[in-house]
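Asks: Next come the chains, spelled out residue by residue.
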Amino acid sequence: MTETIDVHTLGAPPPADILLDVRNLRTIFHVMDGDVPAVDGVSFQLRPGRSIGIVGESGSGKSVTALTIMRLLDIPPAEVSGESEIWFDGKELLRLPMDKMRRIRGNDIAMIFQEPLTSLNPVFTIGNQIAEQVELHLKVKKKEAWERAIESLKLVGIPSPERRVKQYPHEMSGGMRQRVMIAMALSCEPKLLIADEPTTALDVTIQAQILELLKTIQDRTDSALMLITHDLGVVAEMVEDVVVMYAGQVVETGTVEQVLLEPRDPYTMGLIESIPTVDKRGGRLSVIKGTVPSPFNLPPACRFEPRCPYAWKLCRDVAPDLFETDHAGQFARCHLHTPAGEGRRQEALKVHEQSMTIGRDLGGHG
Amino acid sequence: MNEGTTPSGSEPTETTEPQLDALSSPSARAAAEGESASAVAQRADNASDAIRRADNATDTEPLLKITGLKKHFPIFGGILRRQIGTVYAVDGVDFDVKRGETFALVGESGCGKTTLGRSLLRLTEPTAGTIEFGGTNVSGLSQDELRPMRRRMQIIFQDPFGSLNPRMPVSDIIGEGLLAQGVNDRRKRDKKVEDSLEIVGLRRDYTRRYPHEFSGGQRQRIGIARALALDPEFVVCDEPVSALDVSIQSQVLNLLVDLRRDFNLTYLFISHNLSVIQYFSDRVAVMYLGKIVEVGSVEQLYQNARHPYTVALLSAIPEADPRRRKKRLVLKGDVPSPAAPPSGCRFHTRCWLREKLGNPERCSTEEPLLRVLETGHTSACHFAEDVSERTVDQVVATQSVVDTAVADLA
Numbered sequence: 000m001t002e003t004i005d006v007h008t009l010g011a012p013p014p015a016d017i018l019l020d021v022r023n024l025r026t027i028f029h030v031m032d033g034d035v036p037a038v039d040g041v042s043f044q045l046r047p048g049r050s051i052g053i054v055g056e057s058g059s060g061k062s063v064t065a066l067t068i069m070r071l072l073d074i075p076p077a078e079v080s081g082e083s084e085i086w087f088d089g090k091e092l093l094r095l096p097m098d099k100m101r102r103i104r105g106n107d108i109a110m111i112f113q114e115p116l117t118s119l120n121p122v123f124t125i126g127n128q129i130a131e132q133v134e135l136h137l138k139v140k141k142k143e144a145w146e147r148a149i150e151s152l153k154l155v156g157i158p159s160p161e162r163r164v165k166q167y168p169h170e171m172s173g174g175m176r177q178r179v180m181i182a183m184a185l186s187c188e189p190k191l192l193i194a195d196e197p198t199t200a201l202d203v204t205i206q207a208q209i210l211e212l213l214k215t216i217q218d219r220t221d222s223a224l225m226l227i228t229h230d231l232g233v234v235a236e237m238v239e240d241v242v243v244m245y246a247g248q249v250v251e252t253g254t255v256e257q258v259l260l261e262p263r264d265p266y267t268m269g270l271i272e273s274i275p276t277v278d279k280r281g282g283r284l285s286v287i288k289g290t291v292p293s294p295f296n297l298p299p300a301c302r303f304e305p306r307c308p309y310a311w312k313l314c315r316d317v318a319p320d321l322f323e324t325d326h327a328g329q330f331a332r333c334h335l336h337t338p339a340g341e342g343r344r345q346e347a348l349k350v351h352e353q354s355m356t357i358g359r360d361l362g363g364h365g
Numbered sequence: 000m001n002e003g004t005t006p007s008g009s010e011p012t013e014t015t016e017p018q019l020d021a022l023s024s025p026s027a028r029a030a031a032e033g034e035s036a037s038a039v040a041q042r043a044d045n046a047s048d049a050i051r052r053a054d055n056a057t058d059t060e061p062l063l064k065i066t067g068l069k070k071h072f073p074i075f076g077g078i079l080r081r082q083i084g085t086v087y088a089v090d091g092v093d094f095d096v097k098r099g100e101t102f103a104l105v106g107e108s109g110c111g112k113t114t115l116g117r118s119l120l121r122l123t124e125p126t127a128g129t130i131e132f133g134g135t136n137v138s139g140l141s142q143d144e145l146r147p148m149r150r151r152m153q154i155i156f157q158d159p160f161g162s163l164n165p166r167m168p169v170s171d172i173i174g175e176g177l178l179a180q181g182v183n184d185r186r187k188r189d190k191k192v193e194d195s196l197e198i199v200g201l202r203r204d205y206t207r208r209y210p211h212e213f214s215g216g217q218r219q220r221i222g223i224a225r226a227l228a229l230d231p232e233f234v235v236c237d238e239p240v241s242a243l244d245v246s247i248q249s250q251v252l253n254l255l256v257d258l259r260r261d262f263n264l265t266y267l268f269i270s271h272n273l274s275v276i277q278y279f280s281d282r283v284a285v286m287y288l289g290k291i292v293e294v295g296s297v298e299q300l301y302q303n304a305r306h307p308y309t310v311a312l313l314s315a316i317p318e319a320d321p322r323r324r325k326k327r328l329v330l331k332g333d334v335p336s337p338a339a340p341p342s343g344c345r346f347h348t349r350c351w352l353r354e355k356l357g358n359p360e361r362c363s364t365e366e367p368l369l370r371v372l373e374t375g376h377t378s379a380c381h382f383a384e385d386v387s388e389r390t391v392d393q394v395v396a397t398q399s400v401v402d403t404a405v406a407d408l409a
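Residue numbers (numbering that gives the first Met the number 0), protein chains in the order written: chain A, 0 to 365; chain B, 0 to 409.
If you're looking for bench data, these hints aren't it; they were derived computationally from the structure. Heads up, the beta-carbon is just placed ideally off N, CA and C, and yes, glycines get one too. You may find that some hints are simply not true.
Computed spacing ranges between beta-carbons, pair by pair [claimed, not checked]:
| no. | chain 1 | residue 1 | chain 2 | residue 2 | range |
| --- | --- | --- | --- | --- | --- |
| 1 | B | 145 | A | 277 | 52 to 62 Å |
| 2 | A | 47 | B | 175 | 51 to 61 Å |
| 3 | B | 342 | A | 72 | 50 to 60 Å |
| 4 | B | 325 | A | 278 | 17 to 27 Å |
| 5 | B | 72 | A | 214 | 37 to 47 Å |
| 6 | B | 325 | A | 47 | 21 to 31 Å |
| 7 | B | 79 | A | 32 | 51 to 61 Å |
| 8 | A | 117 | B | 72 | 22 to 32 Å |
| 9 | A | 141 | B | 342 | 38 to 48 Å |
Build out the structure end to end from the sequences listed, making use of the hints.
Replies: So this is what it looks like as structure tokens:
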């Protein structure tokens, strides 16, 4: 722990019905070329048993958010700013001694990674790896841990688990390995499951298996789920609330219905418009012009301003806060939702609605 | 050079105009033009008319005709490195691609779609079968005879990072094909390279830069420029957008749509993404373990799939609409190894329909052939007639999601 963190006076712990409360999270990487604010002032809350989706493109900071919560980042080069707070189950994680954190990790918070092959140890059997964790966290005898490993493999639908526990990761297919990861994560019945792109490396039919499995098991064990993905389809199927991230910041939050059906931030609108659908057949897809800004050279005010079709002078001068939109509980980081943006907002919503049903600048004519 | 495909030439032509526009948001443009909703809707109608016209126009002789195409890879092993097995990557595939249409190949990894695409261009030598392109049998040609054909058939690769040589400047990457085709005049070549760059929406002065100076989307544009530099008629697009972020993906898709229109291109579009295919293609072939299991127009396939695998594939796509959150039809197990494909119907080990019908013996003993169900719609299932929304609903209602993994060991 650095001193700056001790100096900061902690806020009050959240009420008991908030399982995870991330407040003003800032994670900076000190690298050769300068400082990268990978996560820059992210806040969100998650209730027990609920599910939240963190959505964003590569480089938006969604994975770093998860790794900071798990405290899996190397410090340095990473640095978590002193004002950041992560409250989990009544405890503030960032200021917890490492040995206490280790007890929470795996026990109360478990994580599933994108690439199941690299997150499993190739030289130990599946059973060894699950049993080791059970032994450590639940403080049970070796034999009991081994039985629990078999049981958890059964829970995720792995056939003949008695034989499977003795196998090594390379003897299994990608889908099977991801099931093992889920079995490991769930073997200690965590209160929170963090899944970082759990199906990105898998084929669609296997992805369907794993998503359905995750849903079923989350229902059964009643753990909360934090799902990190770039796939808006996966979000729509899996979670109740959504946080959209762009260039290290939260740009929109709301329920999954609000964010996907009636987005209010121009970035989210653009993302959703650009998804190819049958309705847009024969027309052009909407595009977000340009590319994600370099973290060394972020726009001074609104980070989406250079790519935003609705930006005006205010957006270049003043960084927008998360403003509540016309829907209660839905927030967007955009000046359109201030009185100054009223007229432009109406226009933007109209354009968005049109681009959702049809393509534009249709081909085949002069 | 062929009529209808002359982007080459002296000037960048007006085709570059909409191209560069693709980079600026159309929403913004529409807003600026103050376009009314009804005008936009009118244009949508025009578009679907255009699709219908295109459907009629393509009823001519095929540009590409594939018959009995096979590609088997030997597996060597043991101390003497003798052949101990065979991977049946592509195992007897027939289809036609009509001039001007976009024909899509869809399937999961390992189904042979990429091998098929490469075999068509003879980038990998097919084991058996014939490839007829524009009336010429490509499969029998020698390398020398093949060269002039290569200029008419090009490929865009999936990985924008692996497919560009990091030691070559853009001018050499794009110009290499031209050089191979005998464009020896450096100035002529550079001109053509710059034109191609402009067509794909990049700046003409990027020629001296190296691949690492570009983002993923820009690299993919360079890959497209390389394919276009030779004025091809036919382009194999092998997963051209799957390595890109969503917001970049739509830029590249728009570019491909524009090029198809402006240069009258015929695409073979290989993808595992069914939403992209639905937006982009005219006809679709579904592949499973080296074989085509169903072919049809986008409408036929997406609204009236007649192969249990296609149904499962469609059911598996997560849609970005929480209102359509559905109970999915989940397939059991993994794709079997193409080195030891199941007997009879290759899909029978995972087939939900076979299970529902009480495991008829025919599925595991007799290989189903593609048969015509209606004009332009074929399916390789003995029981294609039993595939309906009702049967799917019944299966979905009774399936156990947890027990979908199947032992893949002997």
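Asks: Now tell me, hint by hint, if it's right for this structure.
Replies: Here is what the structure says about each hint:
1. B/145 / A/277: 52 to 62 Å: Since residue 145 of chain B and residue 277 of chain A have Cβ atoms about 39 Å apart, the given range 52 to 62 Å is violated.
2. A/47 / B/175: 51 to 61 Å: holds, 59 Å
3. B/342 / A/72: 50 to 60 Å: Holds, since residue 342 of chain B and residue 72 of chain A (Cβ atoms, about 51 Å apart) stay within the stated range.
4. B/325 / A/278: 17 to 27 Å: Holds, since residue 325 of chain B and residue 278 of chain A (Cβ atoms, about 18 Å apart) stay within the stated range.
5. B/72 / A/214: 37 to 47 Å: holds, 38 Å
6. B/325 / A/47: 21 to 31 Å: holds, 27 Å
7. B/79 / A/32: 51 to 61 Å: Hint holds: Cβ distance 54 Å, inside 51 to 61 Å.
8. A/117 / B/72: 22 to 32 Å: holds, 27 Å
9. A/141 / B/342: 38 to 48 Å: Holds, at about 44 Å.
In summary, the structure is inconsistent with hint 1 from the numbered list given earlier, while agreeing with all the others.
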